[in-house]
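Trainee: From first to last, the protein sequence lines stand for chains A and U.
In terms of the UniProt record's numbering, the first sequence is residues 1 to 334.
In terms of the UniProt record's numbering, the second sequence is residues 1 to 334.
Rather than coming from a laboratory, the hints here were simulated on the basis of the structure.
Errors might be hidden in some of the hints.
Same chains, same names: a pair is fine if it fits in one copy or spans any two.
[Unchecked claim] Derived SDA-like pairs: lysine to any residue, alpha-carbon spacing no greater than 20 angstroms straight-line: (1) Lys-200 - Ser-271; (2) Lys-325 - Ile-95; (3) Lys-296 - Arg-66; (4) Lys-40 - Arg-242; (5) Lys-37 - Arg-242.
There are 2 protein chains.
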Amino acid sequence: MEVDEVVCLPRLPRVAVCGGTHGNELSGVYLMRELLKMEKKETEKEEEPLSVLMVLSNPRAMLQCRRYVDTDLNRCFTHATLNGPISDAAPYEIIRSRELNAMLGPKGSPVAVDLVCDLHNTTANMGLCLIAYSDCDWICLHIFRHLQRQMPDIPMRYIHFDVSNKESYSLDSVGKHGFAMEIGPQPHGVVRSNIYTAMKVGVQNMLDWVRFFNSGTIFEGGFVDVFSMIKHIDYPRDGETRNITAAIHPQLQDRDFCQLHPEDPLFQTFSGETLRYKGNEPLYPFFINECAYYEKGIALSLARKRRVMIPAIRVQTEQEKQANKQEYPSEEEE
Amino acid sequence: MEVDEVVCLPRLPRVAVCGGTHGNELSGVYLMRELLKMEKKETEKEEEPLSVLMVLSNPRAMLQCRRYVDTDLNRCFTHATLNGPISDAAPYEIIRSRELNAMLGPKGSPVAVDLVCDLHNTTANMGLCLIAYSDCDWICLHIFRHLQRQMPDIPMRYIHFDVSNKESYSLDSVGKHGFAMEIGPQPHGVVRSNIYTAMKVGVQNMLDWVRFFNSGTIFEGGFVDVFSMIKHIDYPRDGETRNITAAIHPQLQDRDFCQLHPEDPLFQTFSGETLRYKGNEPLYPFFINECAYYEKGIALSLARKRRVMIPAIRVQTEQEKQANKQEYPSEEEE
Numbered sequence: 001m002e003v004d005e006v007v008c009l010p011r012l013p014r015v016a017v018c019g020g021t022h023g024n025e026l027s028g029v030y031l032m033r034e035l036l037k038m039e040k041k042e043t044e045k046e047e048e049p050l051s052v053l054m055v056l057s058n059p060r061a062m063l064q065c066r067r068y069v070d071t072d073l074n075r076c077f078t079h080a081t082l083n084g085p086i087s088d089a090a091p092y093e094i095i096r097s098r099e100l101n102a103m104l105g106p107k108g109s110p111v112a113v114d115l116v117c118d119l120h121n122t123t124a125n126m127g128l129c130l131i132a133y134s135d136c137d138w139i140c141l142h143i144f145r146h147l148q149r150q151m152p153d154i155p156m157r158y159i160h161f162d163v164s165n166k167e168s169y170s171l172d173s174v175g176k177h178g179f180a181m182e183i184g185p186q187p188h189g190v191v192r193s194n195i196y197t198a199m200k201v202g203v204q205n206m207l208d209w210v211r212f213f214n215s216g217t218i219f220e221g222g223f224v225d226v227f228s229m230i231k232h233i234d235y236p237r238d239g240e241t242r243n244i245t246a247a248i249h250p251q252l253q254d255r256d257f258c259q260l261h262p263e264d265p266l267f268q269t270f271s272g273e274t275l276r277y278k279g280n281e282p283l284y285p286f287f288i289n290e291c292a293y294y295e296k297g298i299a300l301s302l303a304r305k306r307r308v309m310i311p312a313i314r315v316q317t318e319q320e321k322q323a324n325k326q327e328y329p330s331e332e333e334e
Numbered sequence: 001m002e003v004d005e006v007v008c009l010p011r012l013p014r015v016a017v018c019g020g021t022h023g024n025e026l027s028g029v030y031l032m033r034e035l036l037k038m039e040k041k042e043t044e045k046e047e048e049p050l051s052v053l054m055v056l057s058n059p060r061a062m063l064q065c066r067r068y069v070d071t072d073l074n075r076c077f078t079h080a081t082l083n084g085p086i087s088d089a090a091p092y093e094i095i096r097s098r099e100l101n102a103m104l105g106p107k108g109s110p111v112a113v114d115l116v117c118d119l120h121n122t123t124a125n126m127g128l129c130l131i132a133y134s135d136c137d138w139i140c141l142h143i144f145r146h147l148q149r150q151m152p153d154i155p156m157r158y159i160h161f162d163v164s165n166k167e168s169y170s171l172d173s174v175g176k177h178g179f180a181m182e183i184g185p186q187p188h189g190v191v192r193s194n195i196y197t198a199m200k201v202g203v204q205n206m207l208d209w210v211r212f213f214n215s216g217t218i219f220e221g222g223f224v225d226v227f228s229m230i231k232h233i234d235y236p237r238d239g240e241t242r243n244i245t246a247a248i249h250p251q252l253q254d255r256d257f258c259q260l261h262p263e264d265p266l267f268q269t270f271s272g273e274t275l276r277y278k279g280n281e282p283l284y285p286f287f288i289n290e291c292a293y294y295e296k297g298i299a300l301s302l303a304r305k306r307r308v309m310i311p312a313i314r315v316q317t318e319q320e321k322q323a324n325k326q327e328y329p330s331e332e333e334e
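The task is simple: from the sequences and hints, build the whole structure.
Mentor: Structure below.
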């Protein structure tokens with residue numbers, strides 16, 4: 001690929017914005033309610049070429065202000081779970097994940113929505129993160145760079161989970177492109193104005209970018225820092241009860257994305273002892289002390305930072321699209 | 001009362017420290033587990049004259065990492081609820097409140113423990129607060145002053161809820177003296193080292209004070225700032241759905257105990273509008289954006305600050321106790 005080359009990508013006519021995938025992550029819940037209210041008021045407005053689908057993903061969990069009712073919805077979107085056998089007694093979220101897959105997918109198919117932006121909050125001091133399964137999805141990476149430029153006051157990172165499309169488990173994996181927009185710190189069950197506003201502005205800028213892209217804007221290439229998840233670290237636990245025996249060390253707490261070096265303090269036990277990081281490579285911690293991950297055995301995650309070059313992109317013209325179709329006919333037309 | 005007069009008060013031979021009254025307020029849960037572990041190890045130690053009862057108040061809620069299972073345990077300790085009729089199908093916390101009342105009370109009786117310290121966390125930026133139903137309980141106020149002096153780095157306040165003993169509803173009301181030790185900010189379901197350590201040191205200092213008191217130390221009189229709760233303010237809500245339509249204003253968030261003046265910003269609606277404080281008296285806000293109070297209709301509480309003079313105190317001698325008994329025979333001996 002030449003640095004000057006402009007990559008042409010298909011239009012993004014259908015975008016889904018989802019909130020309440022975790023029912024107690026309230027910025028997304030209240031933002032979606034607000035956007036749905038505004039949408040109602042704007043019905044008289046002339047039809048715009050971009051279709052934005054607003055989704056409240058887990059209404060039952062929202063009603064109870066819990067992460068989930070039976071099982072974590074945002075782990076239900078693997079190919080295996082979506083396509084396996086199902087009984088009448090299936091957990092609520094298994095049933096709901098199929099409804100969402102029917103609405104926004106089917107995952108991996110040519111009729112899936114073009115982009116899924118799934119809204120999340122974390123108790124970790126992570127600022128605004130886009131979390132995606134690809135480090136070469138130019139759409140996601142360009143959106144990230146646009147948000148960074150439009151919101152210079154908000155600390156912003158791009159996190160990459162290296163999982164295949166088949167094994168990717170979260171709602172955003174149902175779209176042709178997709179990411180979670182994760183913002184913190186905010187306690188679950190609480191909405192903080194500053195976090196809510198950052199999410200609102202983030203979603204507006206994301207939709208603006210898609211409109212610019214669809215209408216032919218050329219976005220120049222450049223570099224993006226990508227944090228690739230390497231491993232999770234669990235809390236020290238009691239051998240018998242499995243209760244945790246230490247908390248995140250006060251010197252590490254709230255220092256997401258500050259490099260962690262070998263022998264840096266990691267945990268402070270409940271009796272006051274310091275436990276240190278025993279890895280031999282400095283890495284970047286994130287999701288430090290995320291509430292929902294106690295049960296998943298994750299005290300923090302560690303990432304390696306890489307600089308990724310992204311090409312200039314623009315939308316395909318109608319001609320290019322037709323030429324492309326002849327060259328690579330898509331499934332639906334075979 | 002003369003300023004120089006030393007008030008003599010009965011010994012405090014039995015103290016209860018309770019954690020997990022709300023199962024997702026984790027500093028208290030892990031501190032109690034730690035103290036119970038230490039207690040086990042120390043059984044060989046010589047018997048000390050102070051009996052400290054360690055209580056995990058709501059084990060079922062703790063297991064589920066929720067505030068409560070059926071109903072808020074810390075609202076179940078009114079005389080009416082403790083003594084009303086009860087069926088087999090009673091909510092778990094109603095049953096549990098009677099067990100705790102049997103263990104630590106009965107509330108209002110001469111056999112109740114001398115002091116209950118009930119450990120709580122809040123998502124509000126409240127530092128360490130003692131919350132009590134009296135502004136003239138010299139024991140509670142002296143403990144508060146001792147903690148203030150021993151922990152000068154921790155912002156500390158004494159909050160007074162003006163409710164009669166009969167109508168007081170929380171676990172700490174079961175003891176002859178009692179208070180909640182409330183520390184924040186900490187998200188529910190999360191333990192933060194700094195908050196855990198503040199609670200641990202607070203409990204140690206509280207127990208130290210009781211030992212000093214019991215062994216005859218005279219504590220000098222002085223002044224204490226008391227924040228008396230005046231009223232609660234609810235979130236603006238949608239008339240139909242009762243969903244909240246605004247969050248705490250970013251200029252108010254985290255500013256617990258900073259005076260709120262008429263026309264100061266109070267809320268920011270989800271569409272971006274600022275709503276202002278319409279009271280006509282400057283007051284002190286606290287419990288700003290406490291997670292558990294969304295369902296109780298409390299966005300923040302407001303207090304008036306007063307300076308209360310507390311007398312010097314010391315423990316009654318055995319002679320004084322005997323003399324006192326003849327003058328005011330207690331119920332059990334009638």
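Trainee: Hint by hint, say whether it matches the structure.
Mentor: Hints and how they fare:
1. In this homomeric assembly, Lys-200 and Ser-271 come within 20 angstroms of each other (Cα to Cα) only across copies, at 10 angstroms, whereas the closest approach inside a single copy is 42 angstroms.
2. Proximity of Lys-325 to Ile-95 under the C-alpha cut-off of 20 angstroms is found in neither arrangement, the shortest distances being 35 angstroms within a copy and 69 angstroms between copies.
3. For the identical chains of this complex, Lys-296 and Arg-66 are neighbours both inside a copy (16 angstroms) and across copies (16 angstroms), given an alpha-carbon limit of 20 angstroms.
4. Within a single copy, Lys-40 and Arg-242 get their C-alpha atoms only as close as 49 angstroms, which misses the 20 angstroms cut-off; across copies the closest is 19 angstroms, which meets it.
5. In this assembly of identical chains, Lys-37 and Arg-242 lie within 20 angstroms of each other by CA distance solely across copies; the values are 15 angstroms between and 45 angstroms within a copy.
Hint 2 from the list above is the single one not met by this structure.
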